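Student: With the working numbering, letter number 26 in the sequence shown gets 26, and the count goes up by one each step, no holes.
Just so you know, the hints here were simulated from the structure itself, not pulled from any lab data.
Incorrect hints may have been included.
As the list claims (entries may be wrong) - Below, in silico cross-link-like pairs of lysine to aspartate or glutamate (EDC-like), each with a Cα-Cα straight-line distance of 20 angstroms or less: (1) 18 with 68; (2) 55 with 28; (3) 55 with 74; (4) 41 with 99; (5) 60 with 34; (6) 18 with 28; (7) 55 with 23; (8) 41 with 6; (9) 18 with 33; (10) 41 with 74; (11) 41 with 23; (12) 60 with 37; (13) 55 with 94; (14) 60 with 10; (15) 18 with 37; (16) 60 with 99; (17) 41 with 93.
Model, not experiment: these values are computed from the prediction.
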Amino acid sequence: MAYVTDTSADVGAAYVAKIRGVDLLVHECYFPDDRADRAAKTGHSHITPVLEVAKQAGVKRLVLVHFDPRSIADDPVGLAAARTIFPNTVLGEDRMELEF
């Protein structure tokens, strides 16, 4: 299991090698792709780079966490579209329990 938060996702980042092949990746995903500029300014991630990291690292499951608290959307990052890139992706929830 790996937990990655408060970072800009990048397939070239050093941490990608360290998470290679984990059963469960919990990764921050603060913004949807249409807020990529804001992600870059604040040092947070947006959805597509997170999915690319998960895919590149060959992780089995991806749980997205640490969303923009100002978002009132039920799906703050675009989960349906995300699953076309990395199908085994879910949104994390408070008190969520995961088996791995």
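Student: Now tell me, hint by hint, if it's right for this structure.
Tutor: Going through the hints against the structure:
Among the hinted pairs, residue 18 with residue 68 is inconsistent with the structure: their alpha-carbon atoms are about 26 angstroms apart, more than 20 angstroms. Between residue 55 and residue 28, the direct Cα distance comes to roughly 15 angstroms. Compliance with the 20 angstroms bound is thereby established for this hinted pair. At most 20 angstroms may separate the alpha-carbon atoms for a hinted pair to count; residue 55 and residue 74 exceed this at roughly 25 angstroms. Taking the CA atoms of residue 41 and residue 99, the gap is near 35 angstroms; set against the 20 angstroms cutoff, the hint is violated.
For the suggested pair residue 60 and residue 34, the alpha carbons sit about 26 angstroms apart, so the restraint of at most 20 angstroms is broken. A distance of roughly 16 angstroms separates the Cα atoms of residue 18 and residue 28; the hinted pair therefore holds under the 20 angstroms criterion. Straight-line distance between C-alpha atoms of residue 55 and residue 23 comes to about 12 angstroms, which keeps the hinted pair within the 20 angstroms bound. Restraint check for residue 41 and residue 6: the C-alpha separation of about 12 angstroms stays at or below 20 angstroms, so the hint holds.
This hinted pair does not check out: residue 18 and residue 33 have alpha carbons roughly 25 angstroms apart, beyond 20 angstroms. The suggested pairing of residue 41 with residue 74 is violated, with an alpha-carbon distance near 24 angstroms, which exceeds 20 angstroms. Restraint check: the Cα-Cα separation between residue 41 and residue 23 comes to about 31 angstroms, which exceeds 20 angstroms; the hinted pair is violated. Our distance criterion of 20 angstroms between C-alpha atoms is broken by residue 60 and residue 37, whose separation comes to about 29 angstroms.
Restraint check for residue 55 and residue 94: not satisfied, since their Cα atoms lie roughly 25 angstroms apart, outside the 20 angstroms limit. Of the supplied pair hints, the one linking residue 60 and residue 10 holds, its CA atoms being roughly 18 angstroms apart against a limit of 20 angstroms. The hinted pair formed by residue 18 and residue 37 fails the criterion: a straight-line CA distance of about 27 angstroms is larger than 20 angstroms. Note on residue 60 and residue 99: the hinted pairing holds, with a Cα-Cα distance of about 12 angstroms set against a maximum of 20 angstroms.
Taking the CA atoms of residue 41 and residue 93, the gap is near 26 angstroms; set against the 20 angstroms cutoff, the hint is violated.
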